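> In order, the protein sequence lines correspond to chains U and S. Taking this note's numbering, I'd label the letters of the first sequence as residues 21 to 296. Taking this note's numbering, I'd label the letters of the second sequence as residues 21 to 296.
Any given hint could turn out to be false.
Which copy is meant is left open, so a pair is good if it fits within one copy or across any two.
Mimicking DSBU-like on lysine-lysine, the simulated pairs with C-alpha atoms at most 35 Å apart in a straight line are [as the list claims (entries may be wrong)]:
#: 1; residue 1: Lys143; residue 2: Lys95
#: 2; residue 1: Lys104; residue 2: Lys291
#: 3; residue 1: Lys141; residue 2: Lys220
#: 4; residue 1: Lys220; residue 2: Lys180
#: 5; residue 1: Lys291; residue 2: Lys220
#: 6; residue 1: Lys263; residue 2: Lys291
#: 7; residue 1: Lys222; residue 2: Lys289
#: 8; residue 1: Lys222; residue 2: Lys176
#: 9; residue 1: Lys104; residue 2: Lys22
#: 10; residue 1: Lys289; residue 2: Lys104
#: 11; residue 1: Lys286; residue 2: Lys222
Bear in mind the hints are in silico, worked out from the structure with no lab data behind them. Note that the structure is a prediction, hence the values are computed from the model and not measured.
Number of protein chains: 2
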Amino acid sequence: MKVVISGLGIIGGSFAKAIKKYTDNFIVGINRSRKPLEDALQCGAIDVIGTVDDLKDADMLILGTFPEAAVNFVKENASLIPEKCIVIDSAGIKSEICPELSAISEKYGFSFVGCHPMAGKEKNGFSAAESDLFVGASCILVPGNAKQSAVETVEKLARKIGFSQLVITTPEEHDRMIAFTSQLPHVIACSYVMSPVCPKHKGFSAGSYRDVSRVASINEKLWAELFLENKDPLITEIDLLTKHLLDIRTAIENGDRNQLEELLAKSRKVKEALGE
Amino acid sequence: MKVVISGLGIIGGSFAKAIKKYTDNFIVGINRSRKPLEDALQCGAIDVIGTVDDLKDADMLILGTFPEAAVNFVKENASLIPEKCIVIDSAGIKSEICPELSAISEKYGFSFVGCHPMAGKEKNGFSAAESDLFVGASCILVPGNAKQSAVETVEKLARKIGFSQLVITTPEEHDRMIAFTSQLPHVIACSYVMSPVCPKHKGFSAGSYRDVSRVASINEKLWAELFLENKDPLITEIDLLTKHLLDIRTAIENGDRNQLEELLAKSRKVKEALGE
Chain U
21 MKVVISGLGI IGGSFAKAIK KYTDNFIVGI NRSRKPLEDA LQCGAIDVIG
71 TVDDLKDADM LILGTFPEAA VNFVKENASL IPEKCIVIDS AGIKSEICPE
121 LSAISEKYGF SFVGCHPMAG KEKNGFSAAE SDLFVGASCI LVPGNAKQSA
171 VETVEKLARK IGFSQLVITT PEEHDRMIAF TSQLPHVIAC SYVMSPVCPK
221 HKGFSAGSYR DVSRVASINE KLWAELFLEN KDPLITEIDL LTKHLLDIRT
271 AIENGDRNQL EELLAKSRKV KEALGE
Chain S
21 MKVVISGLGI IGGSFAKAIK KYTDNFIVGI NRSRKPLEDA LQCGAIDVIG
71 TVDDLKDADM LILGTFPEAA VNFVKENASL IPEKCIVIDS AGIKSEICPE
121 LSAISEKYGF SFVGCHPMAG KEKNGFSAAE SDLFVGASCI LVPGNAKQSA
171 VETVEKLARK IGFSQLVITT PEEHDRMIAF TSQLPHVIAC SYVMSPVCPK
221 HKGFSAGSYR DVSRVASINE KLWAELFLEN KDPLITEIDL LTKHLLDIRT
271 AIENGDRNQL EELLAKSRKV KEALGE
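Modelling step: build the complete structure from the supplied sequences, incorporating the hints.
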């Protein structure tokens with residue numbers, strides 16, 4: 021396959037490196053700035069630096085850019101994308117972009133399969149890309165009305181580059197789950213480190229601090245976009261968390277040991293039931 | 021030295037294993053239930069199973085029990101503890117117990133040095149104890165009025181068994197910092213997993229979920245005690261977190277991208293300034 025990757029950040033770059041490592045597909049890189057393209061070419065993550073003209077005979081287009089930018093890229097270049105081409109995105113939100121991208125794909129005849137690799141790091145850019153970033157991770161697919169053959173092609177590629185679990189879902193279920201599993205932990209981390217004692221934590225901290233604060237090393241432009249494009253599910257999760265924090269706070273304030281133990285035991289049981 | 025360890029849970033058990041591994045001190049184990057003692061004897065973590073009579077010629081007493089139980093143990097057996105003995109606890113709160121233990125030590129002539137090893141796991145009991153649990157960790161010491169020679173003995177032992185950082189502080193500073201670095205992450209984790217979508221997270225989650233939820237596998241009896249014994253600092257931290265969550269929520273609800281990016285950038289800068 022000729023695979024065009026638009027956007028060589030950590031995710032697009034990792035797709036490039038992984039596809040080169042685990043398959044013999046030909047990879048064309050496109051990126052707004054030059055540096056990641058040159059780095060990717062030099063380390064063999066892409067075969068050539070391309071332009072949108074490379075879309076004309078592409079078998080697959082992987083969108084590694086921010087969600088809005090991904091939609092705009094497809095809108096602007098839809099007429100160049102051939103019918104055989106399968107377009108996948110990698111964005112962390114789906115309701116805001118998948119229906120629109122599906123509609124464009126149907127109009128122009130190519131396939132669109134929404135894709136969200138559940139992998140990442142608290143770093144950004146091509147320099148953070150890794151060929152094994154997806155190994156053992158889950159790949160969430162939002163196929164909409166895409167042809168079954170296109171979905172199968174994406175699934176096969178996902179397995180080849182290391183994903184160990186494939187989940188097929190709707191934009192709405194994706195966004196509801198991601199608000200909890202991914203966005204809320206970022207909101208928590210950013211809120212957590214704003215405590216005035218945080219800068220003095222060293223010597224007083226261990227794994228708990230490290231784990232909760234990790235993703236506060238945030239790319240604020242990306243995550244502000246993701247939060248705003250998933251407003252309702254995320255606000256629902258923030259409100260649930262706040263309520264549950266308040267329950268614990270109330271038990272502490274009242275010195276109610278039974279109630280406090282009961283609340284904590286409920287949480288422990290959720291983890292136990294999950295085998296975690 | 022003859023070291024008596026009272027309470028062979030994960031922390032007391034790890035003290036036993038580490039002291040056996042890295043020093044040639046003689047270790048006596050005391051525990052409410054028999055099983056951990058037999059396990060510890062069998063794996064060589066202790067030299068003998070003892071009784072409180074072993075305190076009579078002990079050079080050091082390490083309290084591995086819950087905070088209240090530790091205070092009660094010392095109260096009940098203070099008259100058996102010789103003047104040469106250095107008593108250290110391992111509790112996660114200090115204001116509630118250190119002044120009382122210091123007063124008892126002064127009355128009976130032995131030394132008390134408050135101690136909080138910043139190490140642990142989301143597991144409990146002797147089976148979770150490890151000889152290298154403290155390697156690279158910070159050891160917080162609350163010496164109060166203890167003799168300098170006693171503090172130095174504790175420091176030397178701490179270095180020998182792997183602690184890489186020693187912090188000397190007051191009960192109040194300890195409790196203020198621990199409310200943030202350790203207790204709040206436990207409150208967060210327990211509140212987080214109470215979301216109704218948590219049981220369905222698999223396939224939709226990765227590192228962020230794992231890290232925030234990890235310590236929800238909580239020992240509710242221990243942590244309820246710790247939370248209640250550090251009520252004011254912990255409530256302060258829960259309220260700060262709730263306020264910062266609300267700031268982000270408001271920016272999302274208002275669709276205020278600038279404000280949201282600014283809030284997230286502030287958090288990123290806190291982490292950057294810490295070199296994290």
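> For each hint, tell me whether it holds in the structure or not.
Hint by hint, here is what the structure shows:
1. Lys143 with Lys95: Within one copy, since 29 Å is at most 35 Å while 52 Å is not.
2. Lys104 with Lys291: neither (45 Å within a copy, 46 Å between copies)
3. Lys141 with Lys220: both (25 Å within a copy, 23 Å between copies)
4. Lys220 with Lys180: between (45 Å within a copy, 26 Å between copies)
5. Lys291 with Lys220: both (31 Å within a copy, 12 Å between copies)
6. Lys263 with Lys291: Both. Shortest intra-copy (19 Å) and inter-copy (27 Å) distances satisfy the 35 Å Cα cut-off.
7. Lys222 with Lys289: both (32 Å within a copy, 16 Å between copies)
8. Lys222 with Lys176: Answer is between; shortest inter-copy Cα gap is 21 Å, intra-copy 46 Å.
9. Lys104 with Lys22: within (11 Å within a copy, 78 Å between copies)
10. Lys289 with Lys104: Neither. Shortest intra-copy (49 Å) and inter-copy (46 Å) distances fail the 35 Å Cα cut-off.
11. Lys286 with Lys222: Classified as both: same-chain Cα gap 31 Å, cross-chain 19 Å, threshold 35 Å.
The structure shown violates the earlier hints numbered 2 and 10.
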